[in-house]
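> This is what each chain is made of:
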Amino acid sequence: MTTYLLRRLAFLVVTLLLASAVLFFLLRLLPGDPANALVSVGATPEQIAAARHHVGADQPLVTQFVTWLGQLATLDLGTSYISGLPVGPEIASRLVVTIPLTLIAFLLAVIIAVPVGFIAAYRSRKWYGLAISAVSQLGIAVPVFWIGVLLISAFALSLPLLPAGGFPPDDWADPVGAIRSLTLPVLTVAIVMSASLTRYVRSSVLDVIGSDYLRTSRALGASFASAMWRHGLRNAAVPVISILGIELATTFLGAVVVESVFALPGLGSMLLKAIAQHDYPNIQGILFVSTFAVLVIGFLADFVQRVVDPRLRDSISGNRVGGRRA
Amino acid sequence: MSAAVEFAAEVVAPSSRRRSLTLVIGCVLVGVILVTALLSLIYLPYAPDDTSGARLAPPSPEHWAGTDKLGRDLLTQLMIGARIALAVGVGSVLLGGMLGIAIGLLVAFAVRWLDDTLSAVLDVLIAFPTLLLAMLIVAAQGASLGSAILAIGLAMSAIVARLTRVLAKRILSQDYVTAARVSGTGWWGLIVQHVLPNIWPTIVVNLALQFGLAVLAEASLSYLGLGAPPPNASWGRILQEAQGTVLVAPVGAIAPGVLLVVLVIGINLVADGLRDVGDPTRRRSR
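Top line first, the protein sequences correspond to chains A and B. For the first sequence, my numbering assigns the number 317 to the initial residue and increments by one for each residue that follows. For the second sequence, my numbering assigns the number 471 to the initial residue and increments by one for each residue that follows.
Here chain B stands alone, though its shape is the one from the complex (with noise of 0.2 Å):
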């Protein structure tokens, strides 16, 4: 268990040296989106529904990024959007996380023909697109929020699994489990103390590429029609609403778009910071 609270510990507080400022960047980028997110839950300017304002309105000081087409205020519906993205990120990285992670152990532990068919069978899910498989369960379920997660998270989960065996595998065929296997220690046991203590760092920076991903599929979605449901304000839908009039109120066309690179960017530079701090050739350098 030492590697995973090693290397936990790097990531709260890398050492001064070590301090990755790709991982600071990344941070701040995500943290903006965060607090956000976070804000939108106790505080928005005006209600998700007032279409009050003059439609069409250009940024001031009482709507800060201007109105829609319909006179809602464009702020609140990219504050709620903030928290639509992360809450599919979120979601859908729990669920193909964990569903990945079982399914790749399951697999690493099977025997050979069952390894075998079930690796088969993922290479043809993975190669079945993740947008794709979303409309299939938009197409059967309605378009909701619980949906896009499913989908995303359902498509990520046969990456991850794929990923997971791999990995499991190699750990599996070390000496040291080899002789922990004959000193008796149970699957479960090998699993806990060895496998999942050394696959953790690189599985940890895959999920954070994967929410990335994830965030940039439901927007997609969400753009598509097939997202969350009114008056659920996705960056997707907020951008699709504002293409026909992006001349006159081009905010509403340009900050969704704004929002969602600086949430995968940061995203992205969190994933490479990690890589580098829990990379354990780079750490046996040091």
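Next comes chain A alone, as it looks inside the complex (with noise of 0.2 Å):
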């Protein structure tokens, strides 16, 4: 297991190194000047060239980019063109908001799928088995801005129960108000991360359903239940947890969009605002950060599958067993 741990490490640290510089020379090589945010409109040559010289602009790209490798290697994240301010603070400041709020719509979507699509895949043939696939399909092709949108109109403007947006400027100060500001935006998330998670439950719990395992385990006398229990649950899990992983990080990161909906002060509010402003420390600082986050949470998930598949865990150590699908 300790090997495992650190030759992921390491390919985590390689990764982010990797990804810091497709996204670093990305964002560089396309067109479009840094320093044009920091000048106004017909500023003189000179004025541009010492804005220029000012942020570093000026130097050969691969120095530039040793030199943000060194600052975030000290945590340090730059500061922004435009505001002046310290990018990581201000992305911390952020991540109060969206980091609740994508944890709070997984847990949400994850009690609400398990079972939904366990049941999907028990009963597949039953009317209401046929439904929830129904469902499911559907809400996969649903835009998450509709929703929102639709969850506003419903909860917010025709019963006025909960704000149609906004956050306390005071943030977690004021807990009631920091809660009823995110429910609508986290059920606008879970809704459709449910509705994708249900899909692989179900046919995570169908493939184990036409098992030979759970077959012979029925047949030398144990009862669906206890089948279940003890063989069939470990190993429909063990898919899903790949998943949830890639789900994980596609919420935090399609958070831009729900938070723009909301009107929620969160990462996704900060990068359109940086984008617009053309603030390329801003931008590349919550790139990163969200490049970080996505990789980590690939590292977690990749970590409990080897905890639930002992499998997985027997083929780094050397011994492979079988070549049977997990």
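Keep in mind the hints are simulated off the structure, nothing from the lab. Please note: incorrect hints may appear among the correct ones.
[Stated by the list, open to error] A short, non-exhaustive set of chain A residues, derived as facing chain B with CB atoms under 7 Å:
1. ALA457
2. VAL458
3. SER469
4. SER576
5. ILE591
[Said to hold, decoys possible] According to the in silico footprint, chain B covers these stretches of chain A (three or more CB under 8 Å from chain B):
6. 328-342
7. 399-405
Idealized CB from N, CA, C, for every residue including glycine.
The two chains are supplied separately, each in an independent frame; assemble them into the complex guided by the hints.
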């Protein structure tokens, strides 16, 4: 397990380096001068040159990249071109909105999708089994912002129960206000996420129900419930866990859209503003933090999968057991 | 080549016994949007920038879907939206498909170390989400239909490339490919005669699914104001503009969503239907 962890950590660091290089150079290679954000329209060439020098944009790209990496190593994400404020604390202040939004929605989606997907598989030929899979099919075709707009018109405008958008100015110092503000966004994300999760849980459980080992267990006299509990759930969980990791990452990044629907001051709205203002340090910092989060989530999902599935643990230590599909 | 021809023939005219209901429903749903989009090229009820109507008017004989907050005809905008949704879908699938298949084949034929390196790069690109890549490109290029197609197509190409690589590797390890190699078939011959005909059905199904995702991605982008600029009325932007007045004039906030769902569900059903038709294991059992 230790070898695995070390190898996986090394891979994480290499991927992060590679990804930060990709986003740094992509941002620079595309047309558009970072210094344009610094000067007003009609600035003289001298002013532009001074501005470029001020932010280091006159250095060779590789030098800029190395400088940026050096700053990252000391946890310094740079300083915004527009506001002049450090990027790191700004991102941290936005994460107090985005992280609760993502995590609560994720938990809610898992709580909905696991039992519902199980029922859809266990009773796949009953009308409610079919209805669940039809609705979840519909759910993956619905744009997330549309659900948000529909929820706003139902629960904020028609019935004025919850705020249509915004967040208390003093964040979590006003916990009731914060929770009320997050209710509709969380529901929006959870509805969309549980639709796609339900489909994965359903197909995973269907695989298990049709498996030889479950039939054998039943033939040896175990009830469906105990066969499922002892053999089925663990097997069904393996593919679902890797999907959970991807879903959590997608939600964290997809929060851009939901935050925009509900005017939440999260990471997504910060990114949108930074893009509109061509504020390169901010864009770069947000993308770096998001990529980091995505990679860490992938790492955790991989780790949990290995804890649940002994076959994967064995395969890394060298004794690969058969070629059975997880 | 025979497999591809057979597959295409089945797609065009599935035998009556195997006619897939999902395929038919899917084609009808996509067809409705397609006809609307084609119609918008030759006929629009009003000019896109005609603000002569009353503001936020409900549906009426003059304006079948009502008007928006500037008095523009909503039906006109929704029709243009259909055109844009399909243009983005087709454009990004063409770009992502061609680029992805080419890269995937290249990686599949490459020597071991190059294969490993490129596969790792593809994994990183896939982990980098479409929406963020799109925002990056839009940040540099400015918001336009072209930027949206470029961004979505590029993100898609990584996914298609990985799929192509896996499928092509599987074919290349077959005995009949080894036999063809021994008898002197070059790499181009292998691709055209053996690899492409065999992987084509799976790729087509995947591209159909990607088409749906591309349409949703464009809607999100234009909802965020990063899609095609006015007067290109994308469904995402119509929805965003109508969001504030949803109680006064609900059509503008509801219709674009319904149309998006119709198109994406339709595409997904077509993909499911194609999978049933093109699945070799099912064909063998016939």
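> So, for every hint listed, does it hold in this structure?
Hints and how they fare:
no. : hint    : in the structure
1   : ALA457  : 4 Å, holds
2   : VAL458  : 6 Å, holds
3   : SER469  : 4 Å, holds
4   : SER576  : 6 Å, holds
5   : ILE591  : 4 Å, holds
6   : 328-342 : holds (count 6)
7   : 399-405 : violated (count 0)
The structure fails to meet hint 7 from the earlier list, while all remaining hints are met.
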